[in-house]
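Asks: Below, each chain spelled out in residue letters.
There are 2 protein chains.
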Amino acid sequence: MSLTAEILSVGTEILLGNITNTNATFLSQELSVLGINVYHHTVVGDNPQRLAEAMDIALGRNDLIITTGGLGPTYDDLTKQTVGRALGLEMELHEDILADLKARWERRGTVMPPNNEQQAWFPKGCTIIPNDWGTAPSCAIEKEGKTVIMLPGPPYEMKNIWNRYVAPMMQAWQDSVLVSRYCRVVNIGESALEERLSALLKNSLNPTIAPYAGGGETVLRVTAKAATREEAYALTVPAVEHIARECGDDLYAVDKDSMEQVVCELLRELGLRVATCESITGGGLARRITDVPGASDVFECGLVTYSDRMKYRLADVSLETLRAHSAISLEAAIEMAEGTLKQSGADLAVSVTGVAGPETLPQGEPGTVYAAVAGPLGTRAAKLTLLRSNDRDRNRINATGKALDYLRFYLLDLQRSKRG
Amino acid sequence: MSLTAEILSVGTEILLGNITNTNATFLSQELSVLGINVYHHTVVGDNPQRLAEAMDIALGRNDLIITTGGLGPTYDDLTKQTVGRALGLEMELHEDILADLKARWERRGTVMPPNNEQQAWFPKGCTIIPNDWGTAPSCAIEKEGKTVIMLPGPPYEMKNIWNRYVAPMMQAWQDSVLVSRYCRVVNIGESALEERLSALLKNSLNPTIAPYAGGGETVLRVTAKAATREEAYALTVPAVEHIARECGDDLYAVDKDSMEQVVCELLRELGLRVATCESITGGGLARRITDVPGASDVFECGLVTYSDRMKYRLADVSLETLRAHSAISLEAAIEMAEGTLKQSGADLAVSVTGVAGPETLPQGEPGTVYAAVAGPLGTRAAKLTLLRSNDRDRNRINATGKALDYLRFYLLDLQRSKRG
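Residue numbers (the numbering used here), protein chains in the order written: chain A, 86 to 505; chain B, 86 to 505.
If you are wondering where the hints come from, they were derived from the structure by calculation, not from laboratory data. Since this is a predicted model, take the numbers as computed values, not measurements. Please note that a few of the clues may not be correct.
Computed footprint of chain B on chain A; a stretch qualifies when at least three of its residues, placed anywhere within it, have a C-beta under 8 Å from a C-beta of chain B [stated by the list, open to error]: (1) 270–278; (2) 374–380.
The list that follows gives simulated cross-link-like pairs (lysine to aspartate or glutamate, EDC-like), each with its CA atoms no further than 16 Å apart [as the list claims (entries may be wrong)]: (3) Lys187/A / Glu175/A; (4) Lys209/B / Asp181/B; (5) Lys287/A / Asp161/B; (6) Lys244/B / Glu202/A; (7) Lys427/B / Asp401/B; (8) Lys228/B / Glu175/B; (9) Lys244/B / Asp382/A.
Just so it is clear, CB atoms sit at the ideal spot from N, CA and C, and this is done for glycine as well.
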């Protein structure tokens, strides 16, 4: 039986939306790696009654509660007192901590404000966890099979304390390890994908397989649990292979973060440098490629030829094509790619042009997009299929992703032609 | 007495730390503007029992519960059923929604997967809220003084539904109107800004003034409450004027969304077209400018001259400069801007070059950035001050913002010289 955990964050600024609860994200990732099931996140404000109630609920439903926030020196920092009361523990002053706090102010040539004395009071019987990055020491309490670990709210302090003190302590508790792998799929909708994989999705317990969609792709998370990392990884292999068989090239990455990373790796492997020529995406395509560290080895240049004049001047698109077919056409996409290839001296060039919206143009509705790639396999061009939307931002983001994917397919064919 | 609210997010991917609960941030900000107190955020996974328990707790302690997630077509999307059960409501099929869903697939030339039928089932007596951005309609239920509003998980769909349908509905419940105005400040750190405005921040009750920092800027939200929109707006005016006096040109926008919008408006007013030449930002600068609808009137072209060869070939940077000063220098920035101005035939050109990181280069640490603008006032160039960071993404984003701001100051001077 593995532990269940709740992350209880204390801070009115989260409830006002002034800050996002990224502490919960970090702790969830860390606990998941440790094989601890996080069942709840809760956020309450700096209010003693609601904090006490939330603590009672958390203690009633989970084994491990990690709190963040409310360890500061001000009157509304109440976490330690409230947790102590919920567990029936008195508070006690730790003279050594107080002396240490006072010494910090002395080293800066000032005197500790009286408020800060409360940072040296802790529930009786707790284990103090040092804070080398701020004034609020953390602590952990175990009572009646429940463990509460209290961490400060500022993410920088919280993460450092976690990494240096808490994670090693928790690792020692565990008898199993979780390994998660991420399979990233494009061109197949979430529900179509689930139907195709329904037997796998429904019958898998170890590994578990969870799909989630967003940003024009579906990610399948394959998570296995075992005594060692190697055994857990081995358990994921058949499921990942099954997904690869079902999805073919539409599974664009396993254990990688992004399409641009995959494209840059293919370019590097093939020893090629790419140039981009964009209209609808306005620089987004170049930006995604250059987001990858080391992109300078595989990225030659980008042209954002927004006006017809620039398509002609910079990318060598003929005035006849622009007149006869307009800049939003398969013909223009082809000439943009071929012209950019010639102008840049890169090994291949990708172009993308289309209607972002919100208005419909004579050439088509928002989301009408053409792309082309010119390179060692000759020139290929296509009208890309975007989900219908009048949203300008969304169409630009989706066009960027689809153009990157179109480039990826060209590179895959190039890779096969070299291997074959 | 104002309403109390809870945001109940459903999704195992949040509990695993795969995504951060930014939906809760957005909804908290929105509810706060409406004068509704958010007392709790809760996150549970796609688990019917824990979701049901969390719903019971939420109904027991708050008046309004807003759920996000769990409205999709898959077997683990359970929000509607679970909320229905908690409120003692049967589920019923809405034939019109089903027909509408089927028509969506038909328009794409395919057939709706049977899974998606569950998106047309709702608890009896609920109000359907359309989803114009995805397949999962939302709904709202009122029972025994409690209101539950169910929204989808993908932030894009959730925000659009909120803005178009839910926010107007909630505004109608209120007996007073809230008006919020956003003052966007750059180049002054959050705590320096708070000190400069301390009297205003501390003494303001109506309007309230809330600062929050992020993305290289500080936003001051000025919110006033009154019987009518006009009265509420009038209450905000003295505070906004006070902020404008204190911040000068560093207050770059009031009631506008972004720096790029301000820059495009200045260009339009001046009747000028801009070209960009980027190295460190890799297309991000062109992308931000072209994010603005209608940017094609003021944006001529963008060059992403990532390699030295392209700085020479496309932007006319001299080989001597590249050799003597390298591509990351004030001299290179100047020639990039001037060369791009010449090559493009635009009215002015902005360039940016620098060290993204994570490695330190001979030219400087990550975050070392140079920008130049060439145009009607001649060429100006500067080393830009970024907050120190080794994070590549952060440095690229901050360099984009700082370069845009550098262009904005040039345009402000141009505007003054024309007026003066």
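Asks: Evaluate each hint against the coordinates.
Replies: Structure-based check of each hint:
1. For the segment 270–278 of chain A, the stated coverage by chain B is satisfied: 3 residues place a CB nearer than 8 Å to a CB of that chain, which reaches the threshold of 3.
2. Only residues whose C-beta sits within less than 8 Å of a C-beta in chain B count toward coverage, and the segment 374–380 of chain A has 5 of them, enough to reach three; the restraint holds.
3. Taking the CA atoms of Lys187/A and Glu175/A, the gap is near 24 Å; set against the 16 Å cutoff, the hint is violated.
4. Distance restraint check for Lys209/B and Asp181/B: the Cα-Cα separation of roughly 15 Å lies within the 16 Å cut-off, and the hinted pair is therefore satisfied.
5. Only pairs whose Cα atoms come within 16 Å are accepted, and Lys287/A paired with Asp161/B is accepted, the gap being roughly 11 Å.
6. Restraint check for Lys244/B and Glu202/A: the C-alpha separation of about 44 Å exceeds 16 Å, so the hint is violated.
7. With a C-alpha separation of about 9 Å, the suggested pair Lys427/B and Asp401/B falls inside the 16 Å cut-off, and the hint holds.
8. Using a Cα cut-off of 16 Å, the hinted pair Lys228/B and Glu175/B holds, with the two alpha carbons roughly 13 Å apart.
9. For the hint linking Lys244/B to Asp382/A, the alpha-carbon distance of about 39 Å lies beyond 16 Å, and the restraint is violated.
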